[in-house]
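Trainee: In the order they appear, the protein sequences are chains A and B. When we follow the working numbering, the leftmost residue of the first sequence carries the number -13, and every step to the right adds one. When we follow the working numbering, the leftmost residue of the second sequence carries the number 516, and every step to the right adds one.
Read the hints as simulated data drawn from the structure, not as lab findings. Note that the Cβ used here is the ideal one computed from N, Cα and C, for glycine as well. Where hints are given, some of them may not hold.
Stated by the list, open to error - Across the chosen pairs, the derived CB separations fall in these ranges:
id, chain 1, residue 1, chain 2, residue 2, range
1, A, PRO49, B, HIS634, 31 to 39 Å
2, A, TRP12, B, ARG539, 26 to 34 Å
3, A, CYS51, B, ARG715, 43 to 51 Å
4, B, PRO536, A, ALA54, 42 to 50 Å
5, B, ARG539, A, PHE219, 51 to 59 Å
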Amino acid sequence: MTEPLIRPKRKDPLKRSRQPTLPPAWRSRTAHVLTRVAAEGRFAMQFCPACEIYCYPSREACPQCLTADLIVKDAPRDGVILSETTVRVPSDVYFRERAPWRIGLVHLTCGPVLVSHLHGDCKEGNAVRMSFQIDKAGQAVAFARPKAETPFMSDDKQWREMTADPKFRRVLITNGRTPVGQEIAQALKAAGASILFVGIAEPWKPFPGEDALRGIEGIDIVPLDVSDEKSVFDLAADIGGKVDILINTSEHIRAGGLFDRTGTTTSHVEIGQVYMGLVHLAQAFGPAMRSRGADGTNSAAAWVNILSAYALTNWPKFGQYSAVQAACLSLSQCLRAELRPGGVRVMNVFSGPLDVEWFQTLPPPKVAPRALAASVVRGLKEGLEDVFVGEVAEDIRKRFAANPKALERELGE
Amino acid sequence: MQASKRRPYDRVVLTAPVTIPYVRFSVESAQWWVGRALKGLVDAAGIKASDIDGLCVSSFTLGTDTAIALTQHFGLCVRWLEHIPLGGASAVAALRHAARAVEAGDADIVACVAGDTNHVDSFRRTLEHFSRFSQDAAYPYGAGGANANFALIAQNYMRTYGVTREDLGKIAVSQRTNALRNPHALMKAPLTLEQYIGARPISDPIHLFDCVMPCAGAEAFLVMREDTAKSLGIASARLLGTIERHNAFANDPVQVRGGWAMDIGELYAMAGVKPDDIDVLETYDDYPFIVMMQFEDLGFCKKGEGAEFVRSHDLTIDGDFPQNTSGGQLSVGQAGAGGAYLGMVEALRQVLGTAGPTQVKNARVALASGFGMINYDRGLSSGAAIIAGASS
């Protein structure tokens, strides 16, 4: 039985914040095949097509036929816990602070035996559902969960280290004017977030959905214009120490590539709103979040960027928009590296065209803002790093993985 | 393909057992400890350092040095050189390799040395960077190191074969009883079964007295031909048989046996003795349940009968089954790779009749085993050697 989380009390400002520490982070290059699958929430391992065996731990050749031609293949998630132990005296500070810590040997039905973290509700002999999770060090680790949902399952202390569950956490949504920002606010509230700070630039200007947004319990509308450095730093001075999850919903969607736009005014605005917005937010809120990565139940946990799937490969019809998205994707990797010492994860949510006015002329399928919001919550609850929302984004992900050049040519047709 | 049989040894002997007494923490380097052990060998055999023409070294804490660096460091000009990074299986492997070298005339006097230092925090760092599989897929899970890995094996072993903590406690308590007679043992206080059972848990079912204490120290012996030993006028023990095996039983989902089980028949056949003929047994005792596993895999009882075997035998020096007579690593301390040599060096003393306070009466034939390298989920290396005193 998982002990339900207790709503954290207001923090005594005189108390020292526990400094973040990280689990052992060193991995071989080959082991990062698992980082890649964990980032997307897949369960896959090295596989020898000739011998038809899965290989674990990651290695450089098949232990049966010695071929180096191992592929990464999705695997059934079923396994049985052969043996478990509770580590009570770890040799490393991160685990020492969190001991006792349960691990086990899990025999997968597809063959390999994995040393794995164990959810509190599964015991020796149990059939389990396996996943690879991103731990606080940003590395992939095996995790065994009960096959069926158990009460307060996501409150499990070891599981919560692997996720950025919104329950009892304080969230900043940077732009509440848009349908996306508003749906995310509703979804985060439903997921148990305690306080929702929602940024509104020029708050005296009314906007659609304002009443419903203001009606959410625990919401705090804050003035925020991400393109304005002072506005961002002013807000950070006020609430920077209590933002546990930051969801960057800033957007500026305009069609056009290079030749069909006149001048650079639009370019400057989209860079200022979106790219510089991310820079301002990161510089203002990032350092405080990094220092609060181990600050109890409502520690800083995640930074979420809502990006377009066209960040991966340019779509010339929205060519400059795609370029700014690509710049944000690149910067998010920088941000991820700089937040990692705090154990704060960066999750990028890649969406296909949204069902909003700025994509009015595009044919379906389009992503409903509510579906995007649901994906954000799912990604946080499962501790993902890359989330693809909707058929278009999923299509681009697959084509990009298969052949980026083919994707580039086809998007340019 | 039919595997060939291991050929028996032709008058290969071990001499000059050396122990450099252990300390919990040392400010000295591993090189210092190896140097002391080499000096001990030279003194014990009454030879000059320049007489050593073969060198085999095992250590975890030499930093960037391997055996070759040590030749210059200690002024040794050797014609046979070996560095064995097999942890707890290093002594058996060293002996096997050296034996064939002297037998073939590749060397006359091989110094087999293992030593490690133990600085504050060096143990944690050894764990963190133990091996690639360990770093990728074991250590990041709770960072319990060997204790956690072996706990997973112990948990399954105890459940599968009905082994109780009392059974394992008897091994630990008996070894402590033996250690009280060994002035070099770091553990000086008696251990009762109640203390063993009541000890704090480390990684269930491993408790404090299931664990070895990392320390600094060194152990060594010489390998040569019998005629060389005779001409030097030093007592020696004959090597009767050895086995070595790595990554055995890879398809066992959890380790329930070591590689010994693959080769044990050949060990006794090569040595020309039976388990009943073994007067002293020195097992590799990183954990008491691994000792019990060796009772089974080395042929003293059947698989699954280890607990009953322990219940029905007295494992102390004066008992009917003297085992780990020095106190073993559990009570003497684990000096890194020196832990592999502890049993071998003690076995050598026993059959030479020079074990002093821990001497087993009329010990003639001894078996020393090794076990090492938990690379991911199991110990990969195993080995064993049977030696006999000169009177045989």
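Trainee: Take a look at whether the Cβ-Cβ distance between PRO49 of chain A and HIS634 of chain B falls inside 31 to 39 Å.
Mentor: holds (36 Å)
Trainee: Would you say the C-beta atoms of PRO536 of chain B and ALA54 of chain A sit inside 42 to 50 Å of each other?
Mentor: Holds, since PRO536 of chain B and ALA54 of chain A (Cβ atoms, about 49 Å apart) stay within the stated range.
Trainee: Between TRP12 of chain A and ARG539 of chain B, does the C-beta distance stay in 26 to 34 Å?
Mentor: Holds, since TRP12 of chain A and ARG539 of chain B (Cβ atoms, about 28 Å apart) stay within the stated range.
Trainee: If you check the beta carbons of ARG539 of chain B and PHE219 of chain A, does the distance land in 51 to 59 Å?
Mentor: Given range 51 to 59 Å: holds, Cβ gap about 53 Å.
Trainee: Do the beta carbons of CYS51 of chain A and ARG715 of chain B sit within 43 to 51 Å of each other?
Mentor: holds (47 Å)
Violated hints for the displayed structure: none, as all numbered hints are satisfied.
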